[in-house]
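Asks: Sequence:
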Amino acid sequence: MKARVKWTEGRQFVAESGSGHSVVIDGPPNHGGRNTGPRPMEMLLMGMGSCTAFDILNILDKARADVTDCVAELDAERADEVPAVFTKIHVHFVVTGRSLKEKQVQRAVELSAEKYCSASIMLVNGGVEITHSFEIVEA
Numbered sequence: 001m002k003a004r005v006k007w008t009e010g011r012q013f014v015a016e017s018g019s020g021h022s023v024v025i026d027g028p029p030n031h032g033g034r035n036t037g038p039r040p041m042e043m044l045l046m047g048m049g050s051c052t053a054f055d056i057l058n059i060l061d062k063a064r065a066d067v068t069d070c071v072a073e074l075d076a077e078r079a080d081e082v083p084a085v086f087t088k089i090h091v092h093f094v095v096t097g098r099s100l101k102e103k104q105v106q107r108a109v110e111l112s113a114e115k116y117c118s119a120s121i122m123l124v125n126g127g128v129e130i131t132h133s134f135e136i137v138e139a
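For the sequence shown, counting from 1, position 42 maps to 42 in UniProt numbering; every step adds exactly one.
Check before you lean on any hint, since a few could be wrong.
As the list claims (entries may be wrong) - Pairs of lysine-lysine residues, derived as BS3-like cross-links and limited to a Cα-Cα distance of at most 30 Å, are as follows: (1) K115 to K62; (2) K2 to K88; (3) K103 to K115; (4) K101 to K88; (5) K62 to K101; (6) K2 to K115; (7) K101 to K115; (8) K88 to K115; (9) K62 to K103; (10) K103 to K88.
Said to hold, decoys possible - FRET-style restraints, in silico, Cβ to Cβ: (11) N125 to K103: 23 to 31 Å; (12) E135 to R64: 19 to 27 Å; (13) P29 to V5: 15 to 23 Å.
No lab work stands behind these hints, which were simulated from the structure alone. C-beta: ideal position from N, C-alpha, C; glycine also.
Please construct the entire structure, taking both the sequences and the accompanying hints into account.
Replies: See below:
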């Protein structure tokens, strides 16, 4: 896997993935940015959220669950001192579908957390406390 991050001006960067997709990353004005994109640590958090949601959808799809929507809501805490690493992250999944089974969704969340989500497992191995919860909404 490869990526390229190019500085444009101030504290703004354009990051390009190996698959050819780009995103603007920027800092706040008080640090030389113009607030034109997410902060680097926000990108990390969003990456983890999309990684685990991707897993959950794959797992539920294989179980032939009728999922119509999946949202991962993330709430993170960071250390007060530099480096301001993540110390805690809570992920709440809102899974919408038809006749979804609680045990299936719970198992998908557990499998993602314990076996499949490379991003969250890497963060846990780095000392971040990650917790999960979910709710099921009938479509």
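Asks: Can you name, in rising order, the numbers of the hints this structure does not satisfy?
Replies: none
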